[in-house]
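Chemist: Protein sequences, first through last, are from chains A and B.
Oh and the first sequence: position 265 is 419 in the numbering used here, straight run, nothing missing.
Oh and the second sequence: position 212 is 366 in the numbering used here, straight run, nothing missing.
Mixed in with the good hints, there may be bad ones.
Put simply, identical chains are the same to the list, so a pair is met inside one copy or across any two.
Calculated cross-link-like contacts (lysine-lysine; reagent style BS3-like; alpha-carbon spacing at most 30 Å) [stated by the list, open to error]:
#	residue 1	residue 2
1	Lys-157	Lys-297
2	Lys-400	Lys-491
3	Lys-501	Lys-329
4	Lys-297	Lys-329
5	Lys-407	Lys-353
Since the hints were made in silico from the structure, they are not lab data.
Please read all numbers here as calculations on a predicted model, not as lab measurements.
2 protein chains.
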Amino acid sequence: MEKKVIIVGAGLVGSLWAVYMQKAGYQVVIYERRSDIRKAEISAGKSINLALSERGWNSLKAAGVEKEIEKIAIPMSGRIMHSIKGDLTYQAYGKKDEAIYSVSRGHLNAIMMDLAESKGNTKIHYQHQCLDANLEKGHITLKNLNTQEIIEDKADVIFAADGAFSAVRYNSMQKVDRFNFSQFYIEDGYKELLLPADKNGNYKIEKNALHIWPRGRFMLIALPNEDGSFTCTLFMPFENDKYAFKQLDSDDKIEHFVKEVFPDFYEMIPNLIENWHQNPLSSMSITRCFPWTVGKFALMGDSAHSTVPFYGQGMNAGFEDCFVMWELYKKHKDWDKTFKIYQEIRKPDGDALQDLSLDNYYVMRDHVSDEKFLLQKKIEAKIHERHPNKWIPLYSQVSFSNIRYSDAYKKGKVQEEIMQKVMSSPTIEKNWDSKEVENQILSMIK
Amino acid sequence: MEKKVIIVGAGLVGSLWAVYMQKAGYQVVIYERRSDIRKAEISAGKSINLALSERGWNSLKAAGVEKEIEKIAIPMSGRIMHSIKGDLTYQAYGKKDEAIYSVSRGHLNAIMMDLAESKGNTKIHYQHQCLDANLEKGHITLKNLNTQEIIEDKADVIFAADGAFSAVRYNSMQKVDRFNFSQFYIEDGYKELLLPADKNGNYKIEKNALHIWPRGRFMLIALPNEDGSFTCTLFMPFENDKYAFKQLDSDDKIEHFVKEVFPDFYEMIPNLIENWHQNPLSSMSITRCFPWTVGKFALMGDSAHSTVPFYGQGMNAGFEDCFVMWELYKKHKDWDKTFKIYQEIRKPDGDALQDLSLDNYYVMRDHVSDEKFLLQKKIEAKIHERHPNKWIPLYSQVSFSNIRYSDAYKKGKVQEEIMQKVMSSPTIEKNWDSKEVENQILSMIK
Numbered sequence: 155m156e157k158k159v160i161i162v163g164a165g166l167v168g169s170l171w172a173v174y175m176q177k178a179g180y181q182v183v184i185y186e187r188r189s190d191i192r193k194a195e196i197s198a199g200k201s202i203n204l205a206l207s208e209r210g211w212n213s214l215k216a217a218g219v220e221k222e223i224e225k226i227a228i229p230m231s232g233r234i235m236h237s238i239k240g241d242l243t244y245q246a247y248g249k250k251d252e253a254i255y256s257v258s259r260g261h262l263n264a265i266m267m268d269l270a271e272s273k274g275n276t277k278i279h280y281q282h283q284c285l286d287a288n289l290e291k292g293h294i295t296l297k298n299l300n301t302q303e304i305i306e307d308k309a310d311v312i313f314a315a316d317g318a319f320s321a322v323r324y325n326s327m328q329k330v331d332r333f334n335f336s337q338f339y340i341e342d343g344y345k346e347l348l349l350p351a352d353k354n355g356n357y358k359i360e361k362n363a364l365h366i367w368p369r370g371r372f373m374l375i376a377l378p379n380e381d382g383s384f385t386c387t388l389f390m391p392f393e394n395d396k397y398a399f400k401q402l403d404s405d406d407k408i409e410h411f412v413k414e415v416f417p418d419f420y421e422m423i424p425n426l427i428e429n430w431h432q433n434p435l436s437s438m439s440i441t442r443c444f445p446w447t448v449g450k451f452a453l454m455g456d457s458a459h460s461t462v463p464f465y466g467q468g469m470n471a472g473f474e475d476c477f478v479m480w481e482l483y484k485k486h487k488d489w490d491k492t493f494k495i496y497q498e499i500r501k502p503d504g505d506a507l508q509d510l511s512l513d514n515y516y517v518m519r520d521h522v523s524d525e526k527f528l529l530q531k532k533i534e535a536k537i538h539e540r541h542p543n544k545w546i547p548l549y550s551q552v553s554f555s556n557i558r559y560s561d562a563y564k565k566g567k568v569q570e571e572i573m574q575k576v577m578s579s580p581t582i583e584k585n586w587d588s589k590e591v592e593n594q595i596l597s598m599i600k
Numbered sequence: 155m156e157k158k159v160i161i162v163g164a165g166l167v168g169s170l171w172a173v174y175m176q177k178a179g180y181q182v183v184i185y186e187r188r189s190d191i192r193k194a195e196i197s198a199g200k201s202i203n204l205a206l207s208e209r210g211w212n213s214l215k216a217a218g219v220e221k222e223i224e225k226i227a228i229p230m231s232g233r234i235m236h237s238i239k240g241d242l243t244y245q246a247y248g249k250k251d252e253a254i255y256s257v258s259r260g261h262l263n264a265i266m267m268d269l270a271e272s273k274g275n276t277k278i279h280y281q282h283q284c285l286d287a288n289l290e291k292g293h294i295t296l297k298n299l300n301t302q303e304i305i306e307d308k309a310d311v312i313f314a315a316d317g318a319f320s321a322v323r324y325n326s327m328q329k330v331d332r333f334n335f336s337q338f339y340i341e342d343g344y345k346e347l348l349l350p351a352d353k354n355g356n357y358k359i360e361k362n363a364l365h366i367w368p369r370g371r372f373m374l375i376a377l378p379n380e381d382g383s384f385t386c387t388l389f390m391p392f393e394n395d396k397y398a399f400k401q402l403d404s405d406d407k408i409e410h411f412v413k414e415v416f417p418d419f420y421e422m423i424p425n426l427i428e429n430w431h432q433n434p435l436s437s438m439s440i441t442r443c444f445p446w447t448v449g450k451f452a453l454m455g456d457s458a459h460s461t462v463p464f465y466g467q468g469m470n471a472g473f474e475d476c477f478v479m480w481e482l483y484k485k486h487k488d489w490d491k492t493f494k495i496y497q498e499i500r501k502p503d504g505d506a507l508q509d510l511s512l513d514n515y516y517v518m519r520d521h522v523s524d525e526k527f528l529l530q531k532k533i534e535a536k537i538h539e540r541h542p543n544k545w546i547p548l549y550s551q552v553s554f555s556n557i558r559y560s561d562a563y564k565k566g567k568v569q570e571e572i573m574q575k576v577m578s579s580p581t582i583e584k585n586w587d588s589k590e591v592e593n594q595i596l597s598m599i600k
């Protein structure tokens, strides 16, 4: 009898995992609560644009699907900061050939679904909502939202790639004795705005960069789309702050706010008010849980470790889950063993990813507008260039390497301590590029 | 039209709150998932015995029901520690007239239900499971588990006193945007054992004390019942420890374990193995969440702040929720305002209660067998006796006062710092009762 897996969720992680599972000779059945996004309009503004980086590419390559994605990915080689006065500052993310890539979630998801189905042995059932699961037996109960029919299915193993609000986790795992779980919302919300191409279809600001308007307690960012437009996202507290969404309770106030704090952006964006009301105000949360596997079920991606978007690593981490699970399965050829090791090694990485994501919010909305911070990053880049094996800046570890998140997080803390000492020198602005500073840093590396 | 409240859960908190609400002139409808415990056998061993202390009494008095409870409450004026050798050590909980009270959960609950119903305007519907709630409208959907009928009900306000695994919280609140929630299981489980009366119906060990067999990483405790027996509870890691429940996988090992680590207890308990298998191995968790009120719904007791049992404060905190809510409602006569203030002032107390409960596990299973710890507590008791307004030991703040948990927790930390300094003196064993030590302590109190 043919081996069969069920995947709950045809999102990015679910559809990539289907490709992997086909390679392993499994028949794959995917149940997805929503309709086929390929038949619906792909909305540019429904969720934050994604930044694909090394871990994501690595996992796509292992599945043999990276070529298709390269076609829609726009490299962003650094950040461009917009000051209130309209001055621009550029900070490279890494070395010359290193970049993170802006991709449209909808477009990427559609390609991944095509790839999963085109291999011939994956069937995606849309509008099927997971109601219940028998974790030990590998059974799942679903409702066909079209016909209202309740159906049952079973498989050798079942993967829940059904997102931050995972139905499998909520309906079944959370009820398991000794299942630890938390959902924690940060105090900030986000709203997307679309900055269209100019009348000739060209990008209004530099295409190959991630734009940031850092304003201390809040920020606006912009990522390029293929059609010359940018998806822009405003991150700001919901309330209890001078600048908060709650305060912006009239069109006048919205207009005045954008004009005051993002003047160059205000000049570029047409129909601000209409644009503002196009997309909802959304919340952001972190969910942590353990175990990640119970019986014949495993959580993958956001269902296991959903995070806030500030390191652009949510999708990359989910793809890396696939890569890690795959490597373990190839080695052990046994799901019990694979599940056990998967959650043991991957849980600390999920936790670190979340801590990194929270930390990077401060960096993006505040530190990147600080000259001292930019100088520190310049020094680190120099050391990295000269001693690539001794010093990899934290951002590069996370975005341009496959170093475990938990290791990167720990190394980043050590590096930060060293750099605090270096930056406390009163002469650092003058001699930052000197042999003396270089030796000081090298001497502190263990 | 008569004002109406719905209470979900006819447990201790729900039935006490019904008494309060009747006093306020409300018609009260309670929905309870289980059967009427008054018609079923009251199982002595189904859950940890309860220790009623000042906060609980205070809340019972405000509802005018304390007289009924006094009849079944057994005072425990201190702890008696049992060493491996069988030596006994006594530590008073507070001053001479202060005690915590052992009560049977089932018996207490039955009396509370009688009291709620006897006032004439409370109706308890048993075997009604909460399926869903419309939080803003104050509607609730329930399933009659007898008839399988689905019913709807509504009220001006609805109180969810439905425990650590609250159906209202799980089915409705957890789905509300920006609702923070966590469930966290500690690594230890518990098992109850019954130590019966002797053949003459007398208590085999001192009646008016809480007995502890502290063994470092695990412990056994015993609380007196009215019939001469003791409900005993073994707290121990589930696994990953020399002494863990997982290790005790045969009757031989159980027998050997109890004989080895609790020899005096082993001599007293008949039919150990039968006794052992009588009750399940249970887990313990802490649930935190916020907000505690949404729309017309409020969480009270364990549904808002369930904790581990080591301070004996779970029920007392739930009763205090009733007292606090009542005081606020009397003052404001407005539920929106009452709910808002209730969760603002009570949430830090719920958090502190949980931190105190976790801390006290170390005290009970380990510190109470340490002479230095007992000496420290003796010094604190002395200072308390001489300067009752300047020093109230943490245990007394929690158990014999109505000081807010959050204040007690903070004050306890300050006291601990002072006492660490005092105890570090090499002569403290000799001069602990001296004017010098007294003055040293007084000088450190702010």
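Chemist: To test your reading of the hints: which numbers does this structure violate?
Modeler: none
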